[in-house]
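A.B. asks: Start from the sequences, fold in the hints, and give me the full structure.
As given, the protein sequences belong to chains A and B, one line each in that order. Using numbering that gives the first Met the number 0, you'd call the opening residue of the first sequence number 0 and step up by one each time. Using numbering that gives the first Met the number 0, you'd call the opening residue of the second sequence number 0 and step up by one each time.
Keep in mind that the hints were calculated from the coordinates and are not lab data. Please note: incorrect hints may appear among the correct ones.
[Stated by the list, open to error] Computed far set for chain B versus chain A, every beta-carbon distance over 12 angstroms:
{"#": "1", "residue": "A61"}
{"#": "2", "residue": "L96"}
{"#": "3", "residue": "I103"}
{"#": "4", "residue": "L106"}
{"#": "5", "residue": "W171"}
{"#": "6", "residue": "L173"}
{"#": "7", "residue": "I179"}
[To be verified] Label pairs and their computed distance ranges (CB to CB):
{"#": "8", "chain 1": "B", "residue 1": "S1", "chain 2": "A", "residue 2": "L46", "range": "17 to 23 angstroms"}
{"#": "9", "chain 1": "B", "residue 1": "L109", "chain 2": "A", "residue 2": "I19", "range": "31 to 37 angstroms"}
{"#": "10", "chain 1": "A", "residue 1": "G100", "chain 2": "B", "residue 2": "V172", "range": "47 to 53 angstroms"}
{"#": "11", "chain 1": "A", "residue 1": "G80", "chain 2": "B", "residue 2": "E50", "range": "17 to 23 angstroms"}
{"#": "12", "chain 1": "A", "residue 1": "L74", "chain 2": "B", "residue 2": "A102", "range": "43 to 49 angstroms"}
{"#": "13", "chain 1": "B", "residue 1": "S1", "chain 2": "A", "residue 2": "A44", "range": "21 to 27 angstroms"}
{"#": "14", "chain 1": "B", "residue 1": "S92", "chain 2": "A", "residue 2": "R22", "range": "47 to 53 angstroms"}
{"#": "15", "chain 1": "A", "residue 1": "R45", "chain 2": "B", "residue 2": "S72", "range": "32 to 38 angstroms"}
For each residue, glycine too, the CB sits at the ideal point set by N, CA and C.
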Amino acid sequence: MRRKEGALVPLEVSILEAGIDLRLRGLPAFHGFLIAKEVKQRQDARLLTAHGTLYKALDRLQRSGFLESEWEDPLVAADEGRPRRRFYRVTAVGEAALARGGIITTQPVPQHRPGLATP
Amino acid sequence: MSRIVSLATGLTRAWTATYTTGLPGEAKASRRTEIECDLWEQRNAAARACEPSYAVAAHILARLILGMPSDMSWRAHSAARHERRVQVKESRSGRTLFVLALAIAALPVLMGAGTIAGDITNDGGAGALWGLAVVIAGSAIVAGLLMSQRKPVLGLRLVAVGVVVISALWFWVLFIMIPIGVALIAFAYFRGGRAGWPRGAGTV
Numbered sequence: 000m001r002r003k004e005g006a007l008v009p010l011e012v013s014i015l016e017a018g019i020d021l022r023l024r025g026l027p028a029f030h031g032f033l034i035a036k037e038v039k040q041r042q043d044a045r046l047l048t049a050h051g052t053l054y055k056a057l058d059r060l061q062r063s064g065f066l067e068s069e070w071e072d073p074l075v076a077a078d079e080g081r082p083r084r085r086f087y088r089v090t091a092v093g094e095a096a097l098a099r100g101g102i103i104t105t106q107p108v109p110q111h112r113p114g115l116a117t118p
Numbered sequence: 000m001s002r003i004v005s006l007a008t009g010l011t012r013a014w015t016a017t018y019t020t021g022l023p024g025e026a027k028a029s030r031r032t033e034i035e036c037d038l039w040e041q042r043n044a045a046a047r048a049c050e051p052s053y054a055v056a057a058h059i060l061a062r063l064i065l066g067m068p069s070d071m072s073w074r075a076h077s078a079a080r081h082e083r084r085v086q087v088k089e090s091r092s093g094r095t096l097f098v099l100a101l102a103i104a105a106l107p108v109l110m111g112a113g114t115i116a117g118d119i120t121n122d123g124g125a126g127a128l129w130g131l132a133v134v135i136a137g138s139a140i141v142a143g144l145l146m147s148q149r150k151p152v153l154g155l156r157l158v159a160v161g162v163v164v165i166s167a168l169w170f171w172v173l174f175i176m177i178p179i180g181v182a183l184i185a186f187a188y189f190r191g192g193r194a195g196w197p198r199g200a201g202t203v
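C.D. replies: Spelled out as structure tokens, the structure:
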């Protein structure tokens, strides 16, 4: 979908809404597959969001400062015998953008917070 | 994990490896780990829900195929942000030709993936392998074109290998494949040339 200048696309709005909804249900952070499932349920879609579409949207939301992310402790993942999860959280800036109806008025922020681990 | 789910997972991994090739370590590792995690979670959720293997494989393949344009766009933006940029002013016609070449190269990827999806639902095997080879060769051409300015030698090699493999796989339309293949290789060569190669800009 072509992006309207200065606005979030519907998928990005859905991700922010689902992220906030998950937090209200006691899950402060989410990983890619979890948010894809939430978005699928909210949109009553047949398929989960495509990999490329989902992770590109998450990347852009993070660059805009609407999400922040943190990699899971590798030991936790190793203990459970699965790949590491990247956990995202909706920021106050993200909530504010959503409250404005998805209109972006902030400047992009650096992608990573200092000290956050990468895989 | 059943064979067809393994195949769909392997295709997704291969595609992810292709479009992240040449990106800086952090961007590459992050995307690959996220996709790996997503695949694991999807397979795990499907196993808990007792979903049939063909449905899981088809779902993974659909997510792969539908996301390919976004993957390529993400790669282009990531490369622009992170990599050493070769300053080349490209004309509008040059950009149009580049998009056209990418679209032509993406065609076999989509057709190969379609063949695999069709073969999986028919519970076949040989067709899926043929489709996998087409997807990999097409992905090599796409990756080669994408890196034809930043890494001309590697880009040209990838395009050439992809073209040769696809020509061999589609030998019955060789009279069409040869001119298209030559055009793609020439295009990758001239894009590398515009970046200064072979006078030192092209590094593998």
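A.B. asks: If a hint holds in the structure, say so; if it doesn't, say that too.
C.D. replies: Structure-based check of each hint:
| no. | hint | in the structure |
| --- | --- | --- |
| 1 | A61 | violated (6 angstroms) |
| 2 | L96 | holds (22 angstroms) |
| 3 | I103 | holds (20 angstroms) |
| 4 | L106 | holds (17 angstroms) |
| 5 | W171 | holds (32 angstroms) |
| 6 | L173 | holds (32 angstroms) |
| 7 | I179 | holds (25 angstroms) |
| 8 | B:S1 - A:L46: 17 to 23 angstroms | holds (20 angstroms) |
| 9 | B:L109 - A:I19: 31 to 37 angstroms | holds (36 angstroms) |
| 10 | A:G100 - B:V172: 47 to 53 angstroms | holds (51 angstroms) |
| 11 | A:G80 - B:E50: 17 to 23 angstroms | holds (21 angstroms) |
| 12 | A:L74 - B:A102: 43 to 49 angstroms | holds (45 angstroms) |
| 13 | B:S1 - A:A44: 21 to 27 angstroms | holds (25 angstroms) |
| 14 | B:S92 - A:R22: 47 to 53 angstroms | holds (50 angstroms) |
| 15 | A:R45 - B:S72: 32 to 38 angstroms | violated (24 angstroms) |
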